[in-house]
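Sequences and hints are given; from them, build the entire structure.
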Amino acid sequence: MFEIVEREEMAQGTIISNWIKAPKIAQKAKPGQFVILRANEKGERIPLTMADTDPAKGLINVIYMVVGKSTALFKTLKVGDSYLDVIGPLGQPTHLEKVGKVVCVGGGTGIAVLHPITRGLKQMGNYVYSIIGARSKDLLILEDKMRKVSDELFVTTDDGTYGHKGFVTDVLDKILSENRDIGLAVCIGPVPMMKFCAKMTKEYGVKTLVSLNPIMLDGTGMCGCCRVQVGGKMQFACVDGPEFDGHEVDFEELNLRLRSYLPEEKLAYDRFKAAMGHTCACKS
Amino acid sequence: MSEEKVAAKKEKIPRQKMPEQDPKVRARNFNEVPYGYTPELAMKEAERCIQCKDPRCRQGCPVEIDIPGFIKFIKEGDFEGAIRKIWEKNALPAVCGRVCPQEVQCEGLCILGKKDEPVAIGNLERFAADYQRTKGRQILPPKAEPTGKKVAVVGSGPAGLTVAGDLILKGHEVTIFEALHAPGGVLIYGIPEFRLPKEIVAAECGYLEKLGVKIEVNSVIGRSETVDELLERFDAVFLGVGAGLPIFLKIPGEHYIGVYSANEYLTRSNLMKAYDFPNYDTPLVRGKKVATFGGGNVAMDSARTALRMGAEKSYIIYRRSHAELPARAAEVHHAEEEGVEFLFLTNPVRFLGNDEGFLTGVECLRMELGEPDASGRRRPIPVPGSEFIVEIDTAVISIGSGANPLLTKSTPGLVLNKWGNIVADPKTGKTMKPRVWAGGDIVTGAATVILAMGAGRLASNSIHDFLTYGW
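Read top to bottom, the protein sequences are chains A and B.
Quick note on this note's numbering: the first sequence kicks off at 1 and runs consecutively.
Quick note on this note's numbering: the second sequence kicks off at 285 and runs consecutively.
To be clear, the hints were calculated from the coordinates, so they are not data collected in a lab.
One should not assume that every hint holds.
What the hints assert, rightly or not - Taking lysine-lysine and the BS3-like style, the derived pairs with C-alpha atoms no more than 30 Å apart in a straight line are:
hint, chain 1, residue 1, chain 2, residue 2
1, B, Lys-494, A, Lys-42
2, B, Lys-534, A, Lys-24
3, A, Lys-21, B, Lys-498
4, A, Lys-24, B, Lys-494
5, B, Lys-419, B, Lys-328
6, B, Lys-717, B, Lys-454
7, B, Lys-498, A, Lys-24
8, A, Lys-233, B, Lys-534
What follows is the structure, encoded as structure tokens:
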């Protein structure tokens, strides 16, 4: 059993942060790696990239958005409750090195995944530009943590309630055009965001890492569920990734496959909300 | 009565059939197909065994069960005696009785089979195990004095469970490391409920735990801990991680929604119980027209699972003919009875899908059989211009599994062959890395449960020698 020792609601309760007791994983985990969690005996295996670890205390941090039944079920877990299973660390760690100037771009909960990578790049001695975006000011997460590990931090919101009004790509374009010596871009967020970031960095010829979140099952390369096309080759995000060269990823295919179970996901979530006595007027 | 008369009398008893669910009914549920023998049927079947002095059946058993020995106990109605006899050689009889290919092993060599039908050894083994589990007294086999030696077993499939069962009885401390959240390996994620109820796998693992085996689930050796780290804590390490790498057809359209590897399809259905969605949370596309590609046991399991998931059509698409099907005869027979349609001499060339990314069909080519190839089976050759389309919404690719590199890549000192399988001595399971043994599919490539158990047996003997004598 894996106990939750700290819990925080972010972004109006749409995003949850858990610090979980998992000493073996905390010892081993490196930035970019993920864990698979299961809440109970009937639960799905949900992959989440770790947002942070505290090896001394034996803790790992995951930050997730509530998007369906499984994450809604996770949200019901309070401090002192436990996940039934936490498996990891899984996937390849981020290759961290000094390249000079780097730009780190995060959207939504992608910022949580981006943070330890950004910190690693900063510790390596890179000059770090960071751009973080959200739909609206109250949905933005981890601004302070990102500011601490960045030399320059830029914020965008779609509705202009905070920072630059518009998309992260607007700021990315500006930074790339003003700094032709940027050696690496790391872009993590929703699939369309990563797709447009990668398209832009390709025009500037800047090497780009993206972290993918396809549907997974075992997380050990056994089932092939998380297959993605990278440079025309089939790769498994769980063992070959989750990070890949953003210029080579087939984002269209990734997006299609993420929609595999939309009807089932809706059915499960509706049943769960009915059982929990969900009464608000939201459509989902 | 003379011996001749005894033999003549015994041959008159026909091979006793196990009662089983009606094909039409069972094709729509996940309950086990055969009900198993009653004590009366088992004793009647046991009476058919002529107790050969030099039993050939035993030579056909990869774990060398004393087959006439346990059958004699059943004949006498001493079912506890029977299970004790089996346990001497096999820690997983309820599993083996169900999934071993007996027709090419013990039963294939049974002397009665020459003129008549062989003794139903598998059914009797299954009976002895089931009787013990459900009606027997709580007993355990005798254990040797503790040796103080520690063994790590990586993987809780048939090979690992055999090694653990053997070595715990010999007095060693055994810890099994399993990557998934439940022990059993392919027995729990691969073989379907209707062929091997998960309750039985859990009971067999529980039996090992009662003997003192520790099972650590959620442990992905190679990631959570390396083999070299295990070697610091354990005197010996056995690697029985299975094949575990899905092979795709490598044809266009494999990304469409509804295309599964058999590993994924069966893991969702079995381990995650997607057949009981939404009661369980993991979904699985409920295809109306499902095609399974391949002709092995896993393909039969997938095609039969599809029927139970509500498919109107469940095809097996196989590039050779009926005679070359590698699946166990009983599985093919059950699939046919349940209404699986076989498209023989048919090879897929591309998947077709719609704009939303959903699978809509598969284009295939007709094949004809040429000369035998390296496997001894006649090589299928495409018939030019014979393309045709089969409308399907789900495809399950079941053409075998390769060697998963997750553990092997993180273990310096292991020698691998060109397919990525671990090189190990076939007589002892010793790898090229000191204090490390390996067996099962990660060594041989995808094979059967009992062959993995046989490899586990050889390795456990070698590990025991090493821990006892130092070599």
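Checked hints:
1. Lys-494(B) to Lys-42(A): Distance ~26 Å between Lys-494(B) and Lys-42(A) Cα, so the pair holds.
2. Lys-534(B) to Lys-24(A): This hinted pair is violated, its Cα atoms lying about 38 Å apart.
3. Lys-21(A) to Lys-498(B): 22 Å, holds
4. Lys-24(A) to Lys-494(B): 26 Å, holds
5. Lys-419(B) to Lys-328(B): 19 Å, holds
6. Lys-717(B) to Lys-454(B): 24 Å, holds
7. Lys-498(B) to Lys-24(A): 17 Å, holds
8. Lys-233(A) to Lys-534(B): 10 Å, holds
Of the numbered hints stated above, the single one contradicted by the structure is hint 2.
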